[in-house]
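Going down the list, the sequences are from chains R, G and L. If you're matching positions, the first sequence starts at 1 in the UniProt record's numbering and goes up one per residue. If you're matching positions, the second sequence starts at 1 in the UniProt record's numbering and goes up one per residue. If you're matching positions, the third sequence starts at 1 in the UniProt record's numbering and goes up one per residue.
Honestly, the hints are just simulated from the structure, not real lab data. Wrong hints could be hidden among the right ones.
Said to hold, decoys possible - Derived SDA-like pairs: lysine to any residue, alpha-carbon spacing no greater than 20 Å straight-line:
hint: 1; chain 1: L; residue 1: LYS422; chain 2: R; residue 2: ARG100
hint: 2; chain 1: R; residue 1: LYS309; chain 2: R; residue 2: PHE271
hint: 3; chain 1: R; residue 1: LYS236; chain 2: L; residue 2: VAL117
hint: 4; chain 1: R; residue 1: LYS309; chain 2: R; residue 2: ASP238
hint: 5; chain 1: L; residue 1: LYS132; chain 2: L; residue 2: LEU108
hint: 6; chain 1: G; residue 1: LYS106; chain 2: R; residue 2: LEU186
hint: 7; chain 1: L; residue 1: LYS220; chain 2: L; residue 2: PRO238
hint: 8; chain 1: R; residue 1: LYS236; chain 2: L; residue 2: PHE419
hint: 9; chain 1: R; residue 1: LYS105; chain 2: L; residue 2: VAL117
hint: 10; chain 1: G; residue 1: LYS74; chain 2: R; residue 2: ASN208
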Amino acid sequence: MNELVFFINNVVIAGCVAGSIYAIGAVGVTLIFSIMRFAHFAHGDMMTFGAFMVLLLTTLFPQAGAAIGIPTPLIMLPFAMALTAVLAVGIDRAFYKPLRAHGVKPIVMVIASLGVTLMLQGLIRLFAGTGGESLYVDDRKEIFRIPLPIEGVRVPVVITEPQIYLFALTLISVVALHFFLSRSRLGKAMRAMSDNPALAQASGINTNTIVAVTWVIAGGLAAIAGTLLSLDVTFKPDLSFFLLLPIFAAAIVGGVGHPYGAIAGGFVVGFAETLAVFNWGILLRPFRDSLPEWLAQAGNLAFVGTEYKIVVPFFILVAILVWRPTGIFKGKVI
Amino acid sequence: MPLLDARDVHGGYGGMNILNGVNMSIEADEIGVIVGPNGAGKSTMLKAVFGLLHVSQGEILLRGEPIHNLPPNKLVQKGMGFVPQEYNVFPSLTVKENLQMGAYLKPGNVKRMLSRIYEFFPPLYDKRHQPAGELSGGQRQMVAMGRALMAEPEVLLLDEPTAGLSPLYMNEIFERVKEVNAAGVGILMVEQNAKQALAIADKGFVLAAGQNRFTDTGAALLADPEVAKSFLGG
Amino acid sequence: MSTTRTDTVAAPRRFPLREVILFVVLLAAVLGVYGMMGSAYSTRMLVEASCYAILALGLTIQWGYAGQFNAGVMGFVALGGFCAMFFSVPVNDAFWDSSLPGELGVVLAYIVGAAVVVFGASRLDRIGVPKKLRTVITVVLAVVLYLVVISAFRGVADQIESQAGFIGGLGLPAWVGWIVGGALAGGVGYFIGHICLGLRSDYLAIATIGIAEIIKAFLKNSDWLTRGTATVSPLPWPVPGPAEVGFTLARAMYLSVTAVMIAAIFFLLHRAYHAPWGRMIRAIRDNEISSAAMGKDINKRRLEIFVLGCILMGIGGAVLASFNSLFDPQGYLPLNHTFLVLVMVILGGPGNNLGTIFGAVAVYIIWLMSEPLALFLMELAVHFGESTFGWDAPASMDSRALQARVFVIGLLITLVLRFAPKGLLPEKTKHVD
Numbered sequence: 001m002n003e004l005v006f007f008i009n010n011v012v013i014a015g016c017v018a019g020s021i022y023a024i025g026a027v028g029v030t031l032i033f034s035i036m037r038f039a040h041f042a043h044g045d046m047m048t049f050g051a052f053m054v055l056l057l058t059t060l061f062p063q064a065g066a067a068i069g070i071p072t073p074l075i076m077l078p079f080a081m082a083l084t085a086v087l088a089v090g091i092d093r094a095f096y097k098p099l100r101a102h103g104v105k106p107i108v109m110v111i112a113s114l115g116v117t118l119m120l121q122g123l124i125r126l127f128a129g130t131g132g133e134s135l136y137v138d139d140r141k142e143i144f145r146i147p148l149p150i151e152g153v154r155v156p157v158v159i160t161e162p163q164i165y166l167f168a169l170t171l172i173s174v175v176a177l178h179f180f181l182s183r184s185r186l187g188k189a190m191r192a193m194s195d196n197p198a199l200a201q202a203s204g205i206n207t208n209t210i211v212a213v214t215w216v217i218a219g220g221l222a223a224i225a226g227t228l229l230s231l232d233v234t235f236k237p238d239l240s241f242f243l244l245l246p247i248f249a250a251a252i253v254g255g256v257g258h259p260y261g262a263i264a265g266g267f268v269v270g271f272a273e274t275l276a277v278f279n280w281g282i283l284l285r286p287f288r289d290s291l292p293e294w295l296a297q298a299g300n301l302a303f304v305g306t307e308y309k310i311v312v313p314f315f316i317l318v319a320i321l322v323w324r325p326t327g328i329f330k331g332k333v334i
Numbered sequence: 001m002p003l004l005d006a007r008d009v010h011g012g013y014g015g016m017n018i019l020n021g022v023n024m025s026i027e028a029d030e031i032g033v034i035v036g037p038n039g040a041g042k043s044t045m046l047k048a049v050f051g052l053l054h055v056s057q058g059e060i061l062l063r064g065e066p067i068h069n070l071p072p073n074k075l076v077q078k079g080m081g082f083v084p085q086e087y088n089v090f091p092s093l094t095v096k097e098n099l100q101m102g103a104y105l106k107p108g109n110v111k112r113m114l115s116r117i118y119e120f121f122p123p124l125y126d127k128r129h130q131p132a133g134e135l136s137g138g139q140r141q142m143v144a145m146g147r148a149l150m151a152e153p154e155v156l157l158l159d160e161p162t163a164g165l166s167p168l169y170m171n172e173i174f175e176r177v178k179e180v181n182a183a184g185v186g187i188l189m190v191e192q193n194a195k196q197a198l199a200i201a202d203k204g205f206v207l208a209a210g211q212n213r214f215t216d217t218g219a220a221l222l223a224d225p226e227v228a229k230s231f232l233g234g
Numbered sequence: 001m002s003t004t005r006t007d008t009v010a011a012p013r014r015f016p017l018r019e020v021i022l023f024v025v026l027l028a029a030v031l032g033v034y035g036m037m038g039s040a041y042s043t044r045m046l047v048e049a050s051c052y053a054i055l056a057l058g059l060t061i062q063w064g065y066a067g068q069f070n071a072g073v074m075g076f077v078a079l080g081g082f083c084a085m086f087f088s089v090p091v092n093d094a095f096w097d098s099s100l101p102g103e104l105g106v107v108l109a110y111i112v113g114a115a116v117v118v119f120g121a122s123r124l125d126r127i128g129v130p131k132k133l134r135t136v137i138t139v140v141l142a143v144v145l146y147l148v149v150i151s152a153f154r155g156v157a158d159q160i161e162s163q164a165g166f167i168g169g170l171g172l173p174a175w176v177g178w179i180v181g182g183a184l185a186g187g188v189g190y191f192i193g194h195i196c197l198g199l200r201s202d203y204l205a206i207a208t209i210g211i212a213e214i215i216k217a218f219l220k221n222s223d224w225l226t227r228g229t230a231t232v233s234p235l236p237w238p239v240p241g242p243a244e245v246g247f248t249l250a251r252a253m254y255l256s257v258t259a260v261m262i263a264a265i266f267f268l269l270h271r272a273y274h275a276p277w278g279r280m281i282r283a284i285r286d287n288e289i290s291s292a293a294m295g296k297d298i299n300k301r302r303l304e305i306f307v308l309g310c311i312l313m314g315i316g317g318a319v320l321a322s323f324n325s326l327f328d329p330q331g332y333l334p335l336n337h338t339f340l341v342l343v344m345v346i347l348g349g350p351g352n353n354l355g356t357i358f359g360a361v362a363v364y365i366i367w368l369m370s371e372p373l374a375l376f377l378m379e380l381a382v383h384f385g386e387s388t389f390g391w392d393a394p395a396s397m398d399s400r401a402l403q404a405r406v407f408v409i410g411l412l413i414t415l416v417l418r419f420a421p422k423g424l425l426p427e428k429t430k431h432v433d
């Protein structure tokens, strides 16, 4: 049974953590794609930027959270979301909008977004350095150890405070996004524009407004994802390329342009990663005596080492591109 | 004062002129029909009216106010509705949501107009929670027209509303167009099915090579042997 | 019908004034560097720039000729570098004299065997097994065999690392590694291209970024094969090294090798560009649908051009690694080996080989010179901050100053795309009316 708890800690919880972060990131990518029709490669760095803003604000006002009783970084998150949203809209105005007005091919927008990636990376590292830093400046990271009331189980289920916040915030974001897209006038207009931009315009929908709203949402979500990731581990300025692949894999698995698909895709990729790096040999241990020797001897039965984790989203990406390029839920555009 | 008045309109794509001086005018309660051979500039003219094409010369007036080269969303505000020939619904939105999008600029309209549209197109009421992409061609056309009517336009532009429909649906659509017109909406439409369209038209415009060839009442054009010979297939 | 758009029409050219001016300026810049930094440093710069020119030519045929955006140049460069290392580094007797080669061979045979078994299982439906059952059998077999093989492999790899360090090289001449490096990069390019080229162009960019990171992760962590972070050096040169004839002469001889390679590549590309094959490639880029309608096998042509570009990147990477005489998997950075090349191409003129070579040399000079400049400016800022506000500068100032270059490269990409999308030497598009 101890092995099962180990499995819960290392796969179920870790998978939910990674899945939530990828899901929130992938939703932003897929929304941008469905409105502007290009793969936004600067998304990873927008996430980093959001987390960096939280770090900055938390360093400036480390005591803010104590007054209310929740960690300061979470208090700062709404401000960081607003700042990231402003950044996203600003980037669009400065770099993407002129290209759109020129009617360039989507791939040129992709290259421009890579240029933006580098600019953000450069700026963030210029100010934040290249090392990792904890977002818990003044607070203490609570760790909950929940012992299971079963005979012979010594290992507790371990879950940390930021992970609980992570799950809660993911849930809130997803529900809020759902209501925004299905109930609000602006959300429906966004879906309409993603379906048919020309007709949206002919219906009197101001496409510039929708584009701006998309960036606000994508920026806000990116800040959430980046902050939650940094809370769970530490703030690292150079994550972007490693985040890009799982997030895009998640968006494509879910069907590009399909927000709910992106959420599902995020969890698929998150769980696939944790399942792949999990050492399955551990689950065999209780049966050690009844197994053939060669199998019992096998020390590490993980599919890939943690250092090759990036192979997993790539494998998923390739598999989905080969067998079902529209994604599990049919995406709009290939 | 005519509802819609186009005078000597020139325009085209990327320096190539497709329209070389088109004139047309319809009154508030009229149906105007544009017919003509392929490549005559029929749909191009409609796009020029709806601001989707740069008008390089001439003018287009809506109730005497110049509107050429205004962006489409301004034109919707001024009381113009446009139903494109293809891709004229939002396929993943439900029928109801499609209609709501039509009243995007006039959110106050939604409740009142929704029930009117359902009266006009009863099949849409039953399918209101279905994605528009799952409907048949004729029903989609109804959604498209309904969407455009949601904003209560004074004039409705229809680009080949019956293209690709079976004869049964075609007649149905023409009937609806007549009803919409009877409710006080001016209509300007482009049609391939010239005879049926001219039969319901108050004004007919026969275009060829980007210019008016014949302009008269629908009935007069149908009766004109020369029009019949060259443009209505005998 | 003769429609002419102002942006694609090349003015009738009599004298290539723009080319001449740009190259004269470039020559002046090179001479300036020689004057300031001495001939040994400057020749090294030129050799590296010429290696980058090979990479840039690879990218220009993908992006400029065919409109394919490869965002993972780094991966192909690293593969080339690995081959240059593997083939030219001396044989490691500690490995070959032990029993390890045999064990490694056995594991490799297992891998091949497992692959054959899984492939066979995937064909079980041919002999009447229901398709669903076949899929289940294949997946289960693949998972189990993979786990078995990979743990056996891990065991051998660990033994190699502990007993022999790494398996060493083959001790062959450098050029063998260069050729194999090109071939290997082409092979990976084929794999990626085969999957992605029929889809939206964004997918190719995502997949190439991914494969580049994977190749780097593999080379960095496979200590048994590459010594990983411990790096391998020196790598032998195909020409006499600095120890024998001195820095400047040795580097000049290396430069002559790369110059000959560039000339050959340039000549072949020029021929191909103007041959029917090149016309077809451009026709596909400019109007995919009508080319398909004319019965051209678009995906095959696209794959050809993508693989060709990857081969050039592999060769360029191999030549670069040999010249640096060092194989350091961690030294492969997206910035230095993907985006720098991208800037060279889009600034020089995508699709224009001469423009690309110009861009490669010019951007590389700016790139090298910007490092001391960035440090200098940063020092100035720190000094100013300290004396005026008593600001205590963080210790990592040097590494941070270099981040400013990341920003500048990014800014350059966006600015060029917006204001000079055709580069300094635009591709000359001929219009046959």
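Hints, verified against the model:
no., hint, result
1, L:LYS422 - R:ARG100, "holds (17 Å)"
2, R:LYS309 - R:PHE271, "holds (12 Å)"
3, R:LYS236 - L:VAL117, "violated (43 Å)"
4, R:LYS309 - R:ASP238, "holds (16 Å)"
5, L:LYS132 - L:LEU108, "violated (30 Å)"
6, G:LYS106 - R:LEU186, "holds (13 Å)"
7, L:LYS220 - L:PRO238, "violated (26 Å)"
8, R:LYS236 - L:PHE419, "violated (34 Å)"
9, R:LYS105 - L:VAL117, "violated (45 Å)"
10, G:LYS74 - R:ASN208, "holds (14 Å)"
Comparing the model with each numbered hint stated earlier shows that hints 3, 5, 7, 8 and 9 do not hold.
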